[in-house]
Amino acid sequence: METKYYFDYNATTPTDPRVVEEMNKFFIENFHNPSSFYRKAGEANFAVQKARERLAELINAGSSEIIFTSGGTESDNLAVQGTAYKLKEKGNHIITSRIEHPAVLKTCKHLEKNGFQVTYLPVDRYGFVDPEDLKKNITDATILVSIMHANNETGTLQPIKELVKIAHHKGIYFHTDAVQSTGKIPVDVRDLDVDLLSFSSHKIYGPKGMGVLYKKKTIKITPLLFGGGHEKGLRAGTENVHGIVGMGKAAEIARLEMAEEKKKLRPLRDRLQKEILEKIPEVIINGDTGKRLFNTLNLSVKYIEGEAMLAMLDQQGFALSSGSACSSGSLDPSHVLLAIGLKHEEAHGSLRISLGKYNSREDVEKLIEVLPAVVERLRNVSPFWQNK
Amino acid sequence: MMYTKKVMEHFQNSQNYGKIEDADGIGKVGNSRCGDVMWIYIKVKDGKIADAKYETFGCVAAIATSSMAIDMIKGKPVDQALSITNKAVAEALDGLPPEKMHCSVLAEEGIKSAIEDYQQKNK
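Just so you know, the protein sequences line up as chains A and B, in that order.
FYI, the numbering for the first sequence is 69 to 456, going by my numbering.
FYI, the numbering for the second sequence is 16 to 138, going by my numbering.
Honestly, the hints are just simulated from the structure, not real lab data.
Hints should not be assumed to be uniformly reliable.
Claimed, not checked - Sample of chain A residues with no beta-carbon within 12 Å of chain B, all distances over it, derived:
no. : residue
1   : LYS93
2   : ASN113
3   : GLY159
Said to hold, decoys possible - The calculated lysine-lysine pairs, modelled on PhoX-like cross-linking and capped at a C-alpha distance of 20 Å, are:
no. : chain 1 : residue 1 : chain 2 : residue 2
4   : B       : LYS91     : B       : LYS102
5   : A       : LYS154    : A       : LYS285
6   : B       : LYS138    : B       : LYS63
7   : B       : LYS43     : A       : LYS456
8   : A       : LYS456    : B       : LYS34
9   : B       : LYS21     : B       : LYS102
10  : B       : LYS89     : B       : LYS58
11  : B       : LYS68     : A       : LYS456
12  : B       : LYS60     : B       : LYS91
Glycine is no exception: its CB is placed at the ideal position from the N, C-alpha and C atoms.
Work the whole structure out from these sequences, hints included.
Below is the structure:
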């Protein structure tokens, strides 16, 4: 059966048709290099600048503070490595958390092999970093704190403002990976006072392969890519004009429509949570149920494994994801779920439901109808359920 | 993740699961930390596997290999059942993705462990 019910919007989103429409012009009709001289190039350049303004407006930044990248991963790499290399004379210590996206975690691991020291802050059972813990771990050598805004798996929202204040009190730069929050909830870089912030296009109904690093005007970082001096020398390479235009349009739509989406999706997510807890025994909700993205629901179904659930659901047209090892192709289950204290088997049995703007009430009712039977079938097969 | 039709059939429609209350041998293999646990029950009569069932906590491949392994040993003389390899189980399913071959290993170990349990009890 085809995928009829898509519940994996935190993984990626379909491109909004209005976005595609704006992009189309820049493949053939106006394919020109924005850096060239003639009028058509000027038009392409104008479109890039317009997109820059739209993206800046989404996060309340200045348009000169927007750096185009190839996505969230590059933005995270540029923020963390770019700061580390720029400030290496000043210090070699970075603080991050255990629940970051691999784009931050693996970048930190790489830096550890190159003379930097990294502290990975733990989180509590709801997924929160303790601000006191950040305070305690700052040393004279600390140059950067990188802590994500909303977690991609649980949706838990960190107290970024409070954490930024602690870092700034000691004159330390603060980066946040806001890939999951930007475009879903208001993200205001002035209010948060972060120095660097990453977000991505394909999580907000824009094209894949595009992202932004917001860099506060006063902050200096070292580039990762060298070449033609694009993006003020911070990210060389001819602009991906159609991608930039598409991401810009997606940002505008997100800014104008996010409140409406929240109004529609939050009750749907809450209904899913309530019905699942009522219909299926021994289910744990992962993450915080208060300070959480309105579209995300992460749960562990005890005594069964996630990939098996995904496969049964897939056969019936549902697309979801899981933190089980099997669904990710690694041996360990989700590092985020282990960090909030789940047992391995509970993390293997996790299910992430993430809603988006094309979900309907009917989709949700269908999932509520189908999931209990899937769980029952797999529990009937499970030795842990049968012999508990 | 792409599975063969046979794997999906065994995963979804297997009738071989459950418990045998008066089993002659039980094999318990795997580790829940890694996400796969397999229990194999066998009933032996006149030197043959008269009945066999499984209970499995694990992914699609773990459940499908359990089911296929049960199909392959039912009705077989014990010594023949003992010689079933993980490769044979995987081949009978028209193959497994490389990173899932360990599930077929688990199925082989489960069968062996159940038969050894039976042999221990009947020395």
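Comparing the hints with the structure gives:
1. LYS93: holds (37 Å)
2. ASN113: holds (44 Å)
3. GLY159: holds (38 Å)
4. B/LYS91 x B/LYS102: Answer holds: B/LYS91 to B/LYS102 is near 18 Å, not above 20 Å.
5. A/LYS154 x A/LYS285: Measuring from Cα to Cα gives roughly 15 Å; hence the hint holds.
6. B/LYS138 x B/LYS63: Holds: B/LYS138 and B/LYS63 sit about 16 Å apart, inside 20 Å.
7. B/LYS43 x A/LYS456: holds (15 Å)
8. A/LYS456 x B/LYS34: holds (13 Å)
9. B/LYS21 x B/LYS102: holds (15 Å)
10. B/LYS89 x B/LYS58: holds (9 Å)
11. B/LYS68 x A/LYS456: Distance ~18 Å between B/LYS68 and A/LYS456 Cα, so the pair holds.
12. B/LYS60 x B/LYS91: Satisfied, since the Cα-Cα distance of roughly 10 Å is no more than 20 Å.
Every hint from the earlier list agrees with this structure, and none is contradicted.
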